[in-house]
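Sequences are here, hints too, so could you generate the full structure?
There are 2 protein chains.
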Amino acid sequence: MDIAIDVMGGDFAPLEAIKGVQLFLQSPQPDIHLTLIGKKALITPLLESYGLSENSQISVVNAEQVIEMHEHPTKALKEKTDSSISIGFYLLSAGKTDAFISAGNTGAMMVGAMFTIKPIDGVLRPTIGAYMPKQTGELALLADVGLNADCKPENLNQFAVLGSLFSKHILNKENPRVALVNLGEEEGKGNLLTQATYPLLKENPQIHFVGNAEGRDLLKDKADVYICDGFTGNVMLKFAESIYDIVTERKIQDAHFERFNFEIYGGVPVLGVNKPVIIGHGISHARAFDNMIRMAKKMFDEKLIERMRSSFAS
Amino acid sequence: MDIAIDVMGGDFAPLEAIKGVQLFLQSPQPDIHLTLIGKKALITPLLESYGLSENSQISVVNAEQVIEMHEHPTKALKEKTDSSISIGFYLLSAGKTDAFISAGNTGAMMVGAMFTIKPIDGVLRPTIGAYMPKQTGELALLADVGLNADCKPENLNQFAVLGSLFSKHILNKENPRVALVNLGEEEGKGNLLTQATYPLLKENPQIHFVGNAEGRDLLKDKADVYICDGFTGNVMLKFAESIYDIVTERKIQDAHFERFNFEIYGGVPVLGVNKPVIIGHGISHARAFDNMIRMAKKMFDEKLIERMRSSFAS
Chain B
1 MDIAIDVMGG DFAPLEAIKG VQLFLQSPQP DIHLTLIGKK ALITPLLESY
51 GLSENSQISV VNAEQVIEMH EHPTKALKEK TDSSISIGFY LLSAGKTDAF
101 ISAGNTGAMM VGAMFTIKPI DGVLRPTIGA YMPKQTGELA LLADVGLNAD
151 CKPENLNQFA VLGSLFSKHI LNKENPRVAL VNLGEEEGKG NLLTQATYPL
201 LKENPQIHFV GNAEGRDLLK DKADVYICDG FTGNVMLKFA ESIYDIVTER
251 KIQDAHFERF NFEIYGGVPV LGVNKPVIIG HGISHARAFD NMIRMAKKMF
301 DEKLIERMRS SFAS
Chain U
1001 MDIAIDVMGG DFAPLEAIKG VQLFLQSPQP DIHLTLIGKK ALITPLLESY
1051 GLSENSQISV VNAEQVIEMH EHPTKALKEK TDSSISIGFY LLSAGKTDAF
1101 ISAGNTGAMM VGAMFTIKPI DGVLRPTIGA YMPKQTGELA LLADVGLNAD
1151 CKPENLNQFA VLGSLFSKHI LNKENPRVAL VNLGEEEGKG NLLTQATYPL
1201 LKENPQIHFV GNAEGRDLLK DKADVYICDG FTGNVMLKFA ESIYDIVTER
1251 KIQDAHFERF NFEIYGGVPV LGVNKPVIIG HGISHARAFD NMIRMAKKMF
1301 DEKLIERMRS SFAS
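Which chain is which? The protein sequence lines are B and U, in order. Going by my numbering, the final residue of the first sequence carries number 314, and the count climbs one at a time with no gaps. Going by my numbering, the final residue of the second sequence carries number 1314, and the count climbs one at a time with no gaps.
If you are wondering where the hints come from, they were derived from the structure by calculation, not from laboratory data. Be a bit skeptical, because a hint or two may be false.
Said to hold, decoys possible - Just the calculated beta-carbon pair ranges, DEER-fashion:
#, chain 1, residue 1, chain 2, residue 2, range
1, U, Asn1062, B, Asp254, 43 to 51 Å
2, U, His1072, B, Asn175, 28 to 36 Å
3, U, Glu1203, B, Gln57, 54 to 62 Å
Said to hold, decoys possible - Calculated cross-link-like contacts (lysine-lysine; reagent style PhoX-like; alpha-carbon spacing at most 25 Å):
#, chain 1, residue 1, chain 2, residue 2
4, U, Lys1189, B, Lys75
5, U, Lys1080, B, Lys251
6, U, Lys1080, B, Lys189
7, B, Lys220, U, Lys1251
8, U, Lys1202, U, Lys1168
9, B, Lys152, U, Lys1189
10, U, Lys1075, B, Lys189
Think of the CB as a built atom: it goes at the ideal place given N, C-alpha and C, for glycine as much as any other residue.
Structure representation (structure tokens):
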């Protein structure tokens, strides 16, 4: 398979992306080809300084432009056709690569995924998830975390299916438990959205629904997939990120809170679009890029997109 | 002033309520009379064992029934007319006490506040807030945290006024900063609710609006009052509570995380009703009861309800 990487995306581009590639290739990856997108004049010497070069496993595609973090996504994608993100989506939609990874402008990545790659037939709204570190040492998936600020019950019901497939095939959870983020445990509790969503989840034969989860359950082992609207999920995720900031500032050393360093996970895919698209955290370092490349590989190996298509074909 | 306390409410009733009364009276409180509501046969000997008794400062009102934690609020209030919560609201609405405190059934306290005490004229929906411990050592107020699962922009705008008055007069913040909990910092970001709320807050002359706050800002010093719908606030609060659980379980000793022990704060008032009603955490101990009594006193001394009435009279 071919995996395209936006080497210019992220706060530490292109250095950390290149280091991530080096890290990934430290273990033999016989069937993987990596396409690095960015300013060739920058990338080539950097590759060399890390003992890499263009070869049968690595090629560089030149992109003279970069979509900066603050730019308006739609406008930038339209105007900067020679940017690393635009070229990445071109390669992906043209079938010249099998997956696309960037830690660059999140909005541009979302817009590209939605409008260039497009949702899987039957998926009303794709979603973006994030990991929640459980006290058990495992990771739960929380979705949506910001792609869909306002949701309808049917959206949440679909996130549950997409999240379950991700949990099963990428996080290796057999029969993943799905919970609805809510303000009370009992059926019937909630705002209008969750009250209307609960019966849909309960009757959905494609998921293993275990009921409502309160805020206090998110870091516990109540479920493997937590479903909520993108507003709630975004506020929760950023709150959780700030806990790690506080722990770090206060020099607290603790193995569990170390797992609140969301940067180490690399990124999560846009779930429900027709190709693997992985959006990394802006502050991604080498390990994050390595993890994202591994995730793209696993999504491909596990045929995740095909499985999602089958789920929504019926 | 007279403060009525439901001595039967909370997981450690009546013991911890009595201990809280003892704690409160350890400093001279010349102008305060406390009305303790509950099973007199239980309370009298307990008072004695803590060196207290019915006197000019303490009286006991017998209540033979208790609304248990799991009971349906409206049904329980209707049927258990001889319960400590029902009698508390009766005393408050009849003007026989000036404030009512309970760590009992939260739903019954909300229903009582809403339907017996009633909202201040002009207040569409009262709200319940919670404290968020800032890294500065101060407390911010987060409202709503669950009384209003679905909100309209005008509700949030009113919570901002109520929260500002609370912050100013109870938490002593001069010109408290108000922020809108949102999924991005820039104006225009958000879900339909926050997008429509932002301009109302911006144009509200009764508050000092400082813009949007993301999840990561809640524990920082971005604002003194954070406004959100009760669904988001409830999920956030319970998530924050679980952080303290994890810190405790992992035996992490840290002064800042100690402040995530929400129990110590005692409780927060229902903001926007005609009398001081304070709802405590179920697991309230003596210190929490002491804090709640002090808060009721301060609300009275600072004429918080009258100030709220003036704000909404125009």
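- Item | Hints violated by the structure (listed by number, smallest first) | 5
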